[in-house]
Amino acid sequence: MRLKFIEEKIAKGLMVVASLAVFAFVVNIIYTIFRRGFPALNWEMISQIPAGGYYNGGGGGILNAIVGSLYIVLGSTFLGLLISIPVVFYLNVYLKKDSKLAYVARLAFDVLFGIPSIVYGAFAFTIMIYLGMHTSLGGGILVITLLVIPIFIRSMDEVAQQLPKDLLDSTYALGATKLETIKVVLRQIAPGIATATLLSVGRAIGDAAGVMFTAGFTDSIPTSLNQPAATLPLSVFFQLSSPNADVQDRAYSAALILIFIVLIISVLGRLITNHFSKHKI
Amino acid sequence: MKSYLYQNPSRATWAEDYSFLNNDIKNEEGLGIKKSYLKVSDLNIYIGKAHILKNVNLEIPDKKITCIIGPSGCGKSTLLKTFNRLIDDTEGIRYEGSILVDDTDIFDKKTEITDIRKKMGLLSQRPCPLPMSIYDNIAFGCKMHGERNRKKLNQIVEQQLKAVGLWEEVKNRLNAPASKLSIGQQQRLCLARGLAVEPEFILADEATSALDPISSKHIEELFVKLKQDYTIILVTHTLRQALRIADHVIFMYLGEVIEAGPADEVFNNPKQELTQKYLEGAFS
Numbered sequence: 001m002r003l004k005f006i007e008e009k010i011a012k013g014l015m016v017v018a019s020l021a022v023f024a025f026v027v028n029i030i031y032t033i034f035r036r037g038f039p040a041l042n043w044e045m046i047s048q049i050p051a052g053g054y055y056n057g058g059g060g061g062i063l064n065a066i067v068g069s070l071y072i073v074l075g076s077t078f079l080g081l082l083i084s085i086p087v088v089f090y091l092n093v094y095l096k097k098d099s100k101l102a103y104v105a106r107l108a109f110d111v112l113f114g115i116p117s118i119v120y121g122a123f124a125f126t127i128m129i130y131l132g133m134h135t136s137l138g139g140g141i142l143v144i145t146l147l148v149i150p151i152f153i154r155s156m157d158e159v160a161q162q163l164p165k166d167l168l169d170s171t172y173a174l175g176a177t178k179l180e181t182i183k184v185v186l187r188q189i190a191p192g193i194a195t196a197t198l199l200s201v202g203r204a205i206g207d208a209a210g211v212m213f214t215a216g217f218t219d220s221i222p223t224s225l226n227q228p229a230a231t232l233p234l235s236v237f238f239q240l241s242s243p244n245a246d247v248q249d250r251a252y253s254a255a256l257i258l259i260f261i262v263l264i265i266s267v268l269g270r271l272i273t274n275h276f277s278k279h280k281i
Numbered sequence: 282m283k284s285y286l287y288q289n290p291s292r293a294t295w296a297e298d299y300s301f302l303n304n305d306i307k308n309e310e311g312l313g314i315k316k317s318y319l320k321v322s323d324l325n326i327y328i329g330k331a332h333i334l335k336n337v338n339l340e341i342p343d344k345k346i347t348c349i350i351g352p353s354g355c356g357k358s359t360l361l362k363t364f365n366r367l368i369d370d371t372e373g374i375r376y377e378g379s380i381l382v383d384d385t386d387i388f389d390k391k392t393e394i395t396d397i398r399k400k401m402g403l404l405s406q407r408p409c410p411l412p413m414s415i416y417d418n419i420a421f422g423c424k425m426h427g428e429r430n431r432k433k434l435n436q437i438v439e440q441q442l443k444a445v446g447l448w449e450e451v452k453n454r455l456n457a458p459a460s461k462l463s464i465g466q467q468q469r470l471c472l473a474r475g476l477a478v479e480p481e482f483i484l485a486d487e488a489t490s491a492l493d494p495i496s497s498k499h500i501e502e503l504f505v506k507l508k509q510d511y512t513i514i515l516v517t518h519t520l521r522q523a524l525r526i527a528d529h530v531i532f533m534y535l536g537e538v539i540e541a542g543p544a545d546e547v548f549n550n551p552k553q554e555l556t557q558k559y560l561e562g563a564f565s
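Note that the protein sequences, when read in sequence, are chains C and S.
Quick note on my numbering: the first sequence kicks off at 1 and runs consecutively.
Quick note on my numbering: the second sequence kicks off at 282 and runs consecutively.
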């Protein structure tokens with residue numbers, strides 16, 4: 001009997017240590033970014049594009065990268081949802097549980113999930129050359145869309161696989177076609193869609209390798225899909241590469257802005273999720 | 282007295298045996314109530330290699346409560362889900378025979394499956410409200426079938442909620458999530474949702490087995506009330522429930538219909554030994 005309680009205590013202790021370790025890492029990262037980035041953060045950085053010699057300590061800001069990243073994240077999230085929802089719906093409503101096609105498709109999405117973004121970048125780059133595109137906002141959105149689709153599909157699919165059979169049956173029993181069940185299915189998997197969106201946004205906004213070849217980098221704000229676009233991770237990278245310590249501090253400010261954007265999107269995502277999942281059965 | 286064994290298609294059909302009921306129906310028709318018709322002929326169902334339903338021949342009496350009874354795994358639920366072809370999605374399913382619903386063979390390729398399902402309200406074992414508000418649960422089916430008029434929809438929602446005795450309990454929170462209702466209320470909501478698309482039949486698959494005794498009683502009373510307008514087919518595990526509300530009983534065993542007939546007849550004077558044993562509780 002006593003041994004059981006000792007085991008319980010040790011196991012609980014290990015869980016606490018693990019949780020604290022993760023927490024400590026997060027705090028450490030945020031602290032480092034804050035310590036170096038916060039003093040360098042000012043309104044000019046958020047509201048202006050880089051002036052001449054910005055990367056050597058000149059004036060201006062990183063509005064180009066903020067706007068570029070937001071464009072790419074919004075564009076790829078929208079396209080990703082547009083493509084993933086039908087896939088998830090097809091996998092879970094049209095295909096039978098033990099369908100071979102569903103099995104192969106899920107396996108494929110698992111593999112895609114694990115492919116590094118630089119490979120997506122290289123792949124998208126060959127498509128862009130084939131289509132005669134040069135580095136551009138459109139190219140960046142394309143590659144990030146490819147990157148987030150597996151995330152969208154896999155995380156929505158996990159939730160959609162838990163769809164109660166009775167729920168679909170009840171909908172069919174009202175005389176619904178499979179397509180007409182979509183309203184019911186979407187509402188039921190709404191929390192899954194929200195989680196998937198948060199994961200995708202996090203991955204999309206933080207990705208540097210994929211957009212390097214495809215979106216390029218520029219000091220101006222793109223006004224069309226054909227123009228190159230700057231992104232926050234690349235902006236961080238270029239500023240960190242500078243030998244100038246002030247410019248390196250600005251890299252931390254840019255990272256801070258990036259984290260802040262992710263935070264805002266996460267909080268919004270949670271609010272929206274709560275709103276939509278109140279009907280979940 | 283003729284036998285009520287429906288295994289043999291050459292035997293008398295229900296309609297012949299109960300001509301007195303037919304007279305009632307004629308009278309009802311005179312009042313504008315539509316007669317529903319469901320006849321199963323030589324139905325065999327296979328799932329993979331398993332022979333699930335064996336040579337089933339039945340007629341379901343109009344505007345009555347028909348209880349399908351039998352031990353677990355005897356094919357009661359399969360039979361019920363065949364009526365609205367919900368078993369179509371089962372892997373490896375194969376049918377033989379025919380089921381006529383108002384002179385339409387439901388297995389006919391030309392028959393639209395959604396039309397068949399619309400005729401058959403389904404009440405599943407566990408209440409399964411749609412992930413929407415109480416109002417939308419009822420309105421969903423009507424909207425899907427093309428009803429857009431808000432006023433009409435309001436009317437239908439009120440009427441159907443009243444029909445299942447839920448109106449007074451929910452009229453002030455129609456926009457609340459259906460999942461917030463108690464399980465008994467959810468089951469009544471599901472019944473109302475089914476009624477809203479104007480079915481002829483109500484198929485209930487052990488619809489009270491997940492409910493508390495009071496909610497069960499409520500649902501049973503509803504069935505008795507609703508049989509004026511609908512033909513109710515009820516799969517039940519509880520013999521006592523069948524005794525209480527059945528007008529007509531079908532006893533199934535290992536995929537076969539062993540005995541079928543008016544409840545009085547089957548319960549008090551079963552023709553088959555197997556039925557007798559089941560009723561005595563020799564197996565379940």
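Quick caveat, the hints were computed from the structure, so don't treat them as lab data.
Check each hint, because a few of them may be wrong.
[Unchecked claim] For lysine to aspartate or glutamate, the following DMTMM-like pairs were computed, each having C-alpha atoms within a straight-line distance of at most 20 Å:
no.	chain 1	residue 1	chain 2	residue 2
1	C	Lys100	S	Glu487
2	S	Lys424	C	Glu180
3	C	Lys96	S	Glu487
4	C	Lys165	S	Asp383
5	C	Lys165	S	Asp370
6	S	Lys498	S	Glu479
[What the hints assert, rightly or not] Here are a few chain C residues that face chain S, going by a calculated C-beta distance under 8 Å:
no.	residue
7	Leu70
8	Lys96
9	Asp169
10	Tyr172
11	Leu179
12	Ser242
13	Asn244
14	Ala245
15	Asp246
16	Arg270
17	Ile272
The structure displayed is predicted, hence computed values, not measured ones.
Glycine residues also receive a C-beta, built at the ideal position from the N, C-alpha and C atoms.
Structure-based check of all given hints:
no., hint, result
1, Lys100/C <-> Glu487/S, "33 Å, violated"
2, Lys424/S <-> Glu180/C, "11 Å, holds"
3, Lys96/C <-> Glu487/S, "25 Å, violated"
4, Lys165/C <-> Asp383/S, "28 Å, violated"
5, Lys165/C <-> Asp370/S, "11 Å, holds"
6, Lys498/S <-> Glu479/S, "24 Å, violated"
7, Leu70, "32 Å, violated"
8, Lys96, "5 Å, holds"
9, Asp169, "5 Å, holds"
10, Tyr172, "6 Å, holds"
11, Leu179, "11 Å, violated"
12, Ser242, "53 Å, violated"
13, Asn244, "56 Å, violated"
14, Ala245, "55 Å, violated"
15, Asp246, "54 Å, violated"
16, Arg270, "18 Å, violated"
17, Ile272, "16 Å, violated"
When each numbered hint is compared with the structure, violations occur for hints 1, 3, 4, 6, 7, 11, 12, 13, 14, 15, 16 and 17.
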